[in-house]
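Single-letter residue listing:
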Amino acid sequence: MALKALLLLSLLVISAGLALAKQDPELHQCKHQCKHQRQFDEQQKEECERSCEEYIREKKERERGQHERRRGEGNSREEEEEETQREENPYVFEDKHFEDRVRTEEGRVQVLEKFTKRSKLLRGIENYRVAILEANPHTFIAPAHFDAELVLFVAMGRATITMVREEKRESFNVEHGDIVRVPAGTPVYMINRDENEKLCIVKILQPVSVPGHFEAFHGAGGEDPESFYRAFSWEVLEAALKVRRDQLEKIFGEQRKGSIVKASRQQIRAMSQHEEGPPRIWPFGGESSGGPVNLFHKHPSQSNQFGRLYEAHPDDHKQLQDLDLMVSFANITKGAMSGPYYNSRATKICVVIEGEGFFEMACPHLSSSGSYQKVSGRLRRGVVFVAPAGHPVAVIASQNNNLQVLCFEVNAHGNFRFPLAGKGNIVNEFEREAKELAFNLPSREVERIFKNQEQEFFLPGPTKQQEERGRAFE
Amino acid sequence: MALKALLLLSLLVISAGLALAKQDPELHQCKHQCKHQRQFDEQQKEECERSCEEYIREKKERERGQHERRRGEGNSREEEEEETQREENPYVFEDKHFEDRVRTEEGRVQVLEKFTKRSKLLRGIENYRVAILEANPHTFIAPAHFDAELVLFVAMGRATITMVREEKRESFNVEHGDIVRVPAGTPVYMINRDENEKLCIVKILQPVSVPGHFEAFHGAGGEDPESFYRAFSWEVLEAALKVRRDQLEKIFGEQRKGSIVKASRQQIRAMSQHEEGPPRIWPFGGESSGGPVNLFHKHPSQSNQFGRLYEAHPDDHKQLQDLDLMVSFANITKGAMSGPYYNSRATKICVVIEGEGFFEMACPHLSSSGSYQKVSGRLRRGVVFVAPAGHPVAVIASQNNNLQVLCFEVNAHGNFRFPLAGKGNIVNEFEREAKELAFNLPSREVERIFKNQEQEFFLPGPTKQQEERGRAFE
Amino acid sequence: MALKALLLLSLLVISAGLALAKQDPELHQCKHQCKHQRQFDEQQKEECERSCEEYIREKKERERGQHERRRGEGNSREEEEEETQREENPYVFEDKHFEDRVRTEEGRVQVLEKFTKRSKLLRGIENYRVAILEANPHTFIAPAHFDAELVLFVAMGRATITMVREEKRESFNVEHGDIVRVPAGTPVYMINRDENEKLCIVKILQPVSVPGHFEAFHGAGGEDPESFYRAFSWEVLEAALKVRRDQLEKIFGEQRKGSIVKASRQQIRAMSQHEEGPPRIWPFGGESSGGPVNLFHKHPSQSNQFGRLYEAHPDDHKQLQDLDLMVSFANITKGAMSGPYYNSRATKICVVIEGEGFFEMACPHLSSSGSYQKVSGRLRRGVVFVAPAGHPVAVIASQNNNLQVLCFEVNAHGNFRFPLAGKGNIVNEFEREAKELAFNLPSREVERIFKNQEQEFFLPGPTKQQEERGRAFE
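Residue numbers (the working numbering), protein chains in the order written: chain P, 1 to 474; chain H, 475 to 948; chain B, 949 to 1422.
Calculated directly from the structure, the hints in this document are not laboratory data.
Nothing here was measured: the structure is a model prediction, and the numbers come from that model.
The C-beta atom is built at its ideal place from N, Cα and C for all residues, glycine as well.
Worth double-checking, as some hints may not be accurate.
[Said to hold, decoys possible] Incomplete in silico selection of chain H near chain B, CB under 7 Å:
| # | residue |
| --- | --- |
| 1 | Gln741 |
| 2 | Ser746 |
| 3 | Gly764 |
[To be verified] Under the rule of at most 25 Å between Cα atoms (straight-line distance), these lysine to any residue pairs were calculated in the SDA-like manner:
| # | chain 1 | residue 1 | chain 2 | residue 2 |
| --- | --- | --- | --- | --- |
| 4 | H | Lys716 | B | Arg1392 |
| 5 | B | Lys1068 | H | Leu797 |
| 6 | H | Lys897 | P | Asn401 |
| 7 | H | Lys588 | H | Lys925 |
| 8 | H | Lys925 | P | Glu166 |
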């Protein structure tokens, strides 16, 4: 069954991971030499070892470039998959690439490493960061502002989000599918107002102070979350707030439970009834005032039995306009797929919300000139992958569950999606003579291939093949 | 007295500087090893020593990140101050961080080092440079253009500034408080038209040719300032100007006194009567045509007995619009302070024009995750400090003099100032429940702290404390 | 004769090249030491040698900065020329700085190295790349899209360019002087529709995916050009296109001749009659719809017996607007020159299309503070040179042929050209007193020099001098 094929793939991924951990023999040798340099002191040895790692990493990148791909001739798909996985793939991010910024008994905030940490190929999106917040039912997420522009997507649960704007406060009750723009520096706090369901919010951040880096600034708080008020000297604080030091020590000393804490039923009830923003009936109110937009209340831009695509475009939503950011959500029916296609200008940063599957992408930058490196990766909840502008990509759902993918599309203005299969695919648009010359075949034969699939964007996936391959491993 | 406290602080700053100069023992050891590597030639030794410096610098930055701050518990403010000063603080720039670009008998131009020279934390303002021009009474500052957008602020004195625009010339008589935009590449020259007072002009530059670097291009001139005409071959110059070589040698050989020279009373009189731009009655004329704006002729945006704030916003002044730059000037009454507050989007680059005092700022980027590094610095004339977006900051004037601070606020569009104390402070805006949960205290107690101070932006400073501490050192 | 002078200059350039190839003795010694480090393995030796190269390169850059220029006093122009050439000049690019991306029997595509490869001084244009396409008569250039914004200039020949836009196709018959904008990601193919003339197209590209890097993505194609479809697994392709694997292997296996191939007369005829875009009568049709603009159908912005300048400005042509790019073409009469002048904001990237000559430029960034490095270079077909904003530059045609130079001017909005000789030169615009003070000479003498040349922009060149110097080497 397909399930077994997927299991096998997971194993391959894991063993590839182990191989990396076990360390390259050259790396081992290089580090060994560092350790035995008599003229080096401890710091220099450390420095030397770091250079080894850098060197080996770069060497591998070079090798990957020169590597003759053995694609197509006799290799089974599994072998290919393994090969790709063994190589470092800078476009896929898993659990280990996230770091906990907040972790309390009641929830956590994980931040994805900088996109450029592993490869310079993602320099174009260096100033975007992804974070995921999870909070237990009936919890309070402490007030903070960020030195970053922020867009939130409610991936699960029901929250009340409160922002302090210029001299007023706005609260919004939000739910699954809501997109909320939080301008840089805006103090924001929220509650999970649901009694049973976890809250999960995916964030994209665009730093405004240190490119590629952002921080949370907690004003309210005490020892944990530490309040930034405590960075001021007592003298300055006493004067600023016009209170005595003992009072200050008290107020900035009590909170020690972290920035996600349990809230009482009464507190939750009160705060979820404070919705004070403009009316939320889209496309009026909330929309025009910069309040939340619900992606699922919009008409899907693509829809058939194989999937559904929802898009919030910066040209339509002023909240997204200055960030030039599109937010999209694809629900790919189990066994189906989206694409292959490519974005003309926008780079997609995608987060798997639910389900399993995999994606495939063609990348010339990872490869030697004139050929395309196959990039692929297993998808499951929480995996992040990036599809840069121009790169052909297909996303395939498993046989078992729908695959739900949230994407932030950076550089969205003027972007167009070019289909590579199905209705309107680019090859079909070529003239007869161009088809002949490009493929060195009669145009009739070219059209027989490229006009066969009549679906658009969401297509039936490679079901039969998967099933057969699944059986082979039973 | 407070004066003594300030003197003490100065001493601490100086001794911290000496400590740096005296060199870190590890650095010494590392360099020593470089010198005794037999296999290295002189160049390699040099290179090696440079690596040592780099290495130690980075190590210190790491250590600072992990450093457990001992703030609050038993440490006196002086100890804290010292601690902060001893660590490198990338947000404060003093005399030693300026370099003379021009120095003649009659004046000089000092340029501040690149903001990123000491730390990558200021990468967001890497393409801004600060320079200060000082010229004696009745002097002429030679014509030049710059490969940078330029905004001038007349901090002291009276000048006539002349720009060559497309086929015409514009002259403006300017004085204290005038802001002048000089578009990139515009030939500009000026005079100090005052017979007695020095001229002091603070410049912010945004390079357009080499990011982070700018140069002056002197056309007119001879050997000093060297004319760029001399970089062309004589043959090309002879043809271009249609004159003989001996004439060229003469015209480009006479000026040897540098780019700031004495002018005669007659020359000054003639040039200061040439004002040829549109009328200077703000908000007409000068304003709409891109001419100077006087900051002090505007209504202050904040004003009380503790200080006054003047602001020229890019939304109101087209000269500042394409640079997205706000210019502000705070005159903080002696013994008072501004803030604490933070900017939501804009990063402030501030130059102390007059007076003494200090600032305090909370920085999570310098610190380990989840806490805030206290950054502080002594302020006196000529000191430059940076407050990045989102960073809470307070500026405190000494007991003796008003503190006058000129700030260039980069990334100003959509910026909002969030007060952290006094009227409209963000904590006051939270709901009752949010206050309870954030501080883990009854909301009444939170309000007792945050509603006490009724002033706005400019507040009475930590007078009493300073006086007491001053006495302690008598 | 002048021809001999030019030949001599070429020789100097070549010998300078050899000197570089023969290697610096320090570099040799440094590498030697790397090779004999017993504790280094092969990789570390390689790494070490690379560091040597880096080190020597940087050392030379430093030296160049401190180098006392011996300009003007007794040095003949040849000696100066040689001196400049021997030093590395980051502003000139020749054959060796191009790399073949495509090379078939019928044509090739050459891509210029990144501007920042040799020097960080060109960081401001790091995200622009230049490429040149050449194709034999009656050829087909295979469909591809690029992860870059693209502007094409038809430098020679007649083509039909076809782009696939959102669900439609547009074809344009273009000829010498046509500028075509190809938005990022747009599939584009073309033919050389001329039976006899070669096609030569100069491209400027602005990458949208990886800053400073772009790639061609061939969809149609087989083994050469490899199709990106082949990077997908057969299973995904079978499902996407709804066809069997054997059919896929066939269609993606036939094309092996590369991406520039011969086309039959019938194919050419058919494709050149498909012009399907809006009517091409400028300034209607083509223009307003984003179609091609012919530079030579515009009124020249400068014109006299010494040359003619054509300009397409982003403010007038929406195709160039979002790129903030001006395209200009200067035809400098033989023996004449353009400039000296400088651009206030725009940096010029120029490609010599036809003819010979040289340019001279003043650069303070290459030099020690306060003086100007003379930059110069021999110009002939295919040479690329860069004139950054603010840098005075003059371009001189040889005695034998008109010099034709195509320039892409980046950062064009608000740019103004300031003449340094002839009509409207900046020195003439100074007040009488400013002239006196700047040159330390009576203003009458200054005016005698700067008012002599009455021509504008295109001026007679240094003819006589060249001829005389030419004779000296006979």
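Hint check:
Interface hint status for Gln741(H): upheld, as the beta-carbon distance to the closest one in chain B is roughly 4 Å, under 7 Å. The beta carbon of Ser746(H) is not positioned within 7 Å of any beta carbon in chain B (closest approach about 10 Å), and the interface hint is therefore violated. Because the beta carbon of Gly764(H) sits about 11 Å from the nearest beta carbon in chain B, more than 7 Å, this interface hint is broken. Taken as a hint, the Lys716(H) and Arg1392(B) pair is honoured in the structure, with Cα atoms around 16 Å apart against an allowance of 25 Å.
Restraint check for Lys1068(B) and Leu797(H): the C-alpha separation of about 24 Å stays at or below 25 Å, so the hint holds. Distance restraint check for Lys897(H) and Asn401(P): the Cα-Cα separation of roughly 54 Å exceeds the 25 Å cut-off, and the hinted pair is therefore not satisfied. For the suggested pair Lys588(H) and Lys925(H), the alpha carbons sit about 42 Å apart, so the restraint of at most 25 Å is broken. Only pairs whose Cα atoms come within 25 Å are accepted, and Lys925(H) paired with Glu166(P) is accepted, the gap being roughly 17 Å.
Against the hints set out earlier in the document, violations occur for numbers 2, 3, 6, 7.
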